[in-house]
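K.L.:
In order, the protein sequence lines correspond to chains A and B.
So in this note's numbering, the last spot in the first sequence is 348, and the numbers never skip.
So in this note's numbering, the last spot in the second sequence is 348, and the numbers never skip.
The hints are simulated quantities; they were obtained by calculation from the structure and are not laboratory data.
Some clues are possibly wrong.
Identical chains blur together in the list; that is why a pair holds if it fits in one copy or across any two.
[Said to hold, decoys possible] Derived EDC-like pairs (lysine to aspartate or glutamate); straight-line CA-CA distance at most 20 Å:
{"no.": "1", "residue 1": "Lys235", "residue 2": "Glu260"}
{"no.": "2", "residue 1": "Lys347", "residue 2": "Glu291"}
{"no.": "3", "residue 1": "Lys203", "residue 2": "Asp213"}
{"no.": "4", "residue 1": "Lys235", "residue 2": "Asp213"}
{"no.": "5", "residue 1": "Lys178", "residue 2": "Glu194"}
{"no.": "6", "residue 1": "Lys339", "residue 2": "Glu300"}
{"no.": "7", "residue 1": "Lys305", "residue 2": "Glu260"}
{"no.": "8", "residue 1": "Lys328", "residue 2": "Glu317"}
{"no.": "9", "residue 1": "Lys347", "residue 2": "Glu302"}
{"no.": "10", "residue 1": "Lys305", "residue 2": "Glu343"}
{"no.": "11", "residue 1": "Lys339", "residue 2": "Glu302"}
{"no.": "12", "residue 1": "Lys295", "residue 2": "Asp285"}
{"no.": "13", "residue 1": "Lys230", "residue 2": "Glu242"}
Here the structure is a predicted model, which means the values were calculated and not measured.
Number of protein chains: 2
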Amino acid sequence: MSNGRLVIISGPSGSGKDTILKRVLEILPEIKFSISSITRPMRPGEVEGEKYNFVSKEYFEDMIKNDMLLEYNNYVGNYYGTPKAPVEKVINEGGEIILEIDVNGQKNVKSQVESSLSVFIMPPSVEVLRERLIGRGTDSAEVIEKRMKTAIFEMECAKNYDYIVINDDLEKAVEDFVTIIKADRMNIQRNNKIIDEVLGKC
Amino acid sequence: MSNGRLVIISGPSGSGKDTILKRVLEILPEIKFSISSITRPMRPGEVEGEKYNFVSKEYFEDMIKNDMLLEYNNYVGNYYGTPKAPVEKVINEGGEIILEIDVNGQKNVKSQVESSLSVFIMPPSVEVLRERLIGRGTDSAEVIEKRMKTAIFEMECAKNYDYIVINDDLEKAVEDFVTIIKADRMNIQRNNKIIDEVLGKC
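Kindly produce the complete structure, drawing on both the sequences and the hints.
P.N.:
Quick look at the structure:
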């Protein structure tokens with residue numbers, strides 16, 4: 147049995163990482179998704195336990211105290227974090243679990259978890275990213291410029307990731323992500339036991 | 147443009163590495179193959195410049211003196227080596243070049259070339275490897291046992307490689323090798339320039 151892997155996906159708003167992630171989980175249904183614990187109120191359309199577990203501030207602070215989180219952040223008064231237990235379970239069983247986190251989360255997780263693989267989703271250019279954000283029609287020009295500044299900061303952090311996927315064509319980007327996961331399954335870090343198995347050692 | 151890569155393929159006699167390599171080079175014709183320089187006489191069926199350049203002992207020793215080889219070995223009085231120039235040319239142009247070398251060659255190259263990617267081809271088991279060698283019908287029982295000893299030594303060195311491909315089914319093994327190369331093209335080591343390109347820096 148191969149060793150497990152924690153897979154991190156990040157990318158700026160407008161990179162298409164949510165859509166890519168959804169499609170990758172359909173293509174490789176054996177991969178688990180890490181549900182974040184958060185303290186902000188549920189928004190319309192959100193479902194408890196799908197992408198997030200909605201918990202109280204007190205419960206979250208207990209998790210921090212008891213070292214139950216792999217990483218967490220406080221953003222405008224609300225906590226966001228990754229519970230340790232489900233991640234450790236999947237890795238110990240030799241599986242893969244995907245975490246959708248930002249560049250700060252990736253930095254924290256990478257320094258803690260040896261068996262991690264991080265993928266950054268990039269738009270093909272800054273101009274295309276701006277056009278995508280404008281095209282959504284949901285944000286004011288001011289909000290868009292703020293998002294662009296954050297995006298550029300995040301893209302500069304892409305150098306800290308293991309892989310970069312350029313999302314120019316969605317289907318190609320999905321295929322690229324799947325290719326990275328499949329190649330990683332043959333990585334020596336995950337196959338040290340296989341050498342002994344082939345050699346007939348226990 | 148991405149940075150180039152030196153790809154190393156190794157595997158014991160009977161692992162199927164020659165067949166896999168041939169198929170991979172057909173599927174990805176943009177990949178170059180590194181032609182070794184050797185001093186042993188040409189064997190029937192071999193073609194100058196195909197897999198080997200047949201050179202004199204004097205010429206080979208001049209290459210050693212002039213630091214023109216990436217790695218070399220002397221085996222029963224004959225030299226085998228990898229000329230540096232073609233490898234450096236391909237890497238500087240952002241391409242990929244495959245070297246078919248043994249576990250000692252891999253160790254030497256890996257310590258010298260930062261931008262290398264090494265893949266070890268494994269048989270599914272020691273028993274299958276023995277059956278394959280017997281099935282060829284070309285070697286005596288004694289030669290087969292000698293090959294098996296070498297193979298087991300080589301397989302124990304597989305832990306020094308970046309990836310392991312198990313050759314149980316040939317088409318699957320070819321696909322696996324292609325997947326490793328394609329994923330590697332998205333590796334951050336090869337894409338540092340792409341971040342600047344997306345960000346519009348020169």
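K.L.:
Take the hints in turn and mark each one as holding or not.
P.N.:
Cross-check of the supplied hints:
no., hint, verdict
1, Lys235 - Glu260, "within (15 Å within a copy, 35 Å between copies)"
2, Lys347 - Glu291, "between (59 Å within a copy, 19 Å between copies)"
3, Lys203 - Asp213, "within (15 Å within a copy, 66 Å between copies)"
4, Lys235 - Asp213, "within (16 Å within a copy, 52 Å between copies)"
5, Lys178 - Glu194, "within (17 Å within a copy, 52 Å between copies)"
6, Lys339 - Glu300, "between (37 Å within a copy, 16 Å between copies)"
7, Lys305 - Glu260, "both (18 Å within a copy, 17 Å between copies)"
8, Lys328 - Glu317, "both (16 Å within a copy, 15 Å between copies)"
9, Lys347 - Glu302, "between (46 Å within a copy, 11 Å between copies)"
10, Lys305 - Glu343, "between (36 Å within a copy, 13 Å between copies)"
11, Lys339 - Glu302, "between (37 Å within a copy, 11 Å between copies)"
12, Lys295 - Asp285, "within (14 Å within a copy, 67 Å between copies)"
13, Lys230 - Glu242, "within (14 Å within a copy, 40 Å between copies)"
The earlier numbered hints are all upheld by this structure, with none contradicted.
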